[in-house]
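Participant: Please model the complete structure; the sequences and the hints are all you need to start from.
There are 2 protein chains.
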Amino acid sequence: MSEVEMIRVDGAAIKAQCEAILVGWGMDAETATVTAEVLLDCDLRGIDTHGISLLALYAGWIRGDGFSLAAKPEIERDGPSYGLINAHGGLGFAVSVQAVEMAVKKARATGIAAVGVRNSHHFGAAGYYARLAGRAGLVGLVATSTKVVCLVPPGASKPVLGTNPLAYAVPRKDAEPIVFDMATSTAAGNKVRMHHLKSLPVPEGWVVDGQGQPVTDPHEAYKLVYEPGEGGLTPLGASPHLGSHKGYGLALLVHFLGGALTGGTFAGSVNGREGKPEGDNIGHFFIAIDPEVFRGVDAFLADVEDVSETLKSTPSVDPNRPVMLPGDLEERVRGERLKDGVPLAPALVKQLSAIADELGVPFQLIDKNAAVN
Amino acid sequence: MSEVEMIRVDGAAIKAQCEAILVGWGMDAETATVTAEVLLDCDLRGIDTHGISLLALYAGWIRGDGFSLAAKPEIERDGPSYGLINAHGGLGFAVSVQAVEMAVKKARATGIAAVGVRNSHHFGAAGYYARLAGRAGLVGLVATSTKVVCLVPPGASKPVLGTNPLAYAVPRKDAEPIVFDMATSTAAGNKVRMHHLKSLPVPEGWVVDGQGQPVTDPHEAYKLVYEPGEGGLTPLGASPHLGSHKGYGLALLVHFLGGALTGGTFAGSVNGREGKPEGDNIGHFFIAIDPEVFRGVDAFLADVEDVSETLKSTPSVDPNRPVMLPGDLEERVRGERLKDGVPLAPALVKQLSAIADELGVPFQLIDKNAAVN
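Residue numbers (my numbering), protein chains in the order written: chain A, -7 to 365; chain B, -7 to 365.
Mixed in with the good hints, there may be bad ones.
A pair holds if it fits inside one copy or across any two, identical chains being indistinguishable in the list.
[Stated by the list, open to error] Mimicking BS3-like on lysine-lysine, the simulated pairs with C-alpha atoms at most 30 angstroms apart in a straight line are:
1. Lys304 / Lys268
2. Lys97 / Lys183
3. Lys97 / Lys165
4. Lys183 / Lys215
The hints are simulated quantities; they were obtained by calculation from the structure and are not laboratory data.
Facilitator: What follows is the structure, encoded as structure tokens:
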């Protein structure tokens, strides 16, 4: 399938390598363990852009202003159905786990609760935190602000918003929760980067130029998305006649929840960032809803199974590709990777090896198959 | 612009006509006034599919089972941050106003609250209820289940879901709230019907057939959407390479909130409707969030203005068409229609006249311009 022979690494080794690097960067062991768990979960589910590969990205960021891997989150507001946590410039993973657990606990007491996080950084995959609420038997909703400005509103010539992700989870009876996690852009920036690297035309509708015209040349599209100036990614809907105002409205919703409600920075602001903390100051927002209070959890779970059974028994266009629920594919990949290991690109492994060397921490990403032979 | 000369009717006359017909159908005067207010608001904002024209649609429905216009809603559950109201088979408008007001009151006390409605019918435009929360200074989120099955999941050959609408509102400083209201399908069924009536080709991506292929012939598309069997509307995203799995995931979210959490019927179920009330049994779900508790309402409103100013000052592709926020267009139309009246199609006015005659209530939709001459 892939052009390059991948290195197969056991999940345990990926987790240990993440922990070692994070601790090497100054994170305490407990926070590093929680963070590594989130990264590994993405690698296992095939969400390769949000697994251990993020550490190669963070290696460049952590030298910037306002990034404090040793930060201790502080609960600033704490009420019946709400809370606000100041991450004090730390990475967003562990503080987000703390926030969603706080929301779940409060929702069990009052029916629904929301906890915001401010002054945070990247938190990886939004769906992970929604899943935590789902596993606890609650409906979870997650929104986050973003630092990269790349999304062009309908009719605009330049980007103002980010890919503002939205995730939810719904608990199931005797099964993993249904988990959905989407960027509010038509395609993720990373997909455009992959087309650029492979010189494959970009599907019409992913990227527009400064005149609002679709761009399919992969190298021009890459520049429009990753270099400052005009053009960029389209909101979900791709074009006005296919509903790009809807993706735009959803991107705004995600920023209003993740950014405006928490105090996160609006990265695209024309008014500067007066009164905002240094650094990314990303905001996250977590809502937990207890199905028990509305009609009882058993009735709710039975209805979720009804939806699930109905969709899975819906005739499909291709009999070999049945209709799926959100997260089904990732759950299947997780089963495979727990058995066969996680495929990592040699270039990534080399980067991570260099980071480990520089920090003086053990390199642990050993090829599973090489180790056997 | 339009092929047919429209009849211009004052808002007050539209509201009075709605009230008269609803009372004629057995609704009490107070409920009819609230319902008429919602219908008029849509007519004023140019959301013509969800204004007084709905009465022509309901005239066919109210003879069906489980429709009880005289129903009195009953609060079945009432906790710190939650509530559940049984609409007992009534129309969804007034009970939804009651539910969102209940959610707002609870959210002011606890930070966030959600109120569900079950055993309801159509509630018109979701955005109206979100706006009520926004006007009260809170963030509002609205989801509803639907009775018409017309949305085809990615890879499926037949429809299972509805157009499952999602709406939100965000309060603003000294201005009307930002209000967003979308169907989770690429296009509304009504748009396909308009193309069918005008014999205009349907844009590729709105409708698919039973093999998942896009259909652009307006008459074939109309049949696929409005007749039972294979094919129908696509989820927002239109096709797999433009992200239709995202619109599908959003449509499911809306059903989980509006349907599964409240006990609303899943219209597409393969398992029948055992244990569900007679009739449509539509469920609605309203969330209200108080910005005050997270960081203070002034800081929140200032950040919303920052987003608004930034978007409105973003250079546009066409200088005559500036970048807009959700609801801006509707707000402008409202200003025009308050002055010039609401344009109604003669065929609709004739239908409403017949309904009024049959009920023996006064006909009040007088042409504003004819009345002057």
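Participant: Each hint: holds or not?
Facilitator: Each hint tested on the structure:
1. Lys304 / Lys268: between (47 angstroms within a copy, 22 angstroms between copies)
2. Lys97 / Lys183: Neither: 37 angstroms inside a copy, 44 angstroms across copies.
3. Lys97 / Lys165: Close inside one copy (20 angstroms), not across copies (33 angstroms); limit 30 angstroms.
4. Lys183 / Lys215: within (13 angstroms within a copy, 36 angstroms between copies)
Consistency note: the structure conflicts with earlier hint 2 alone.
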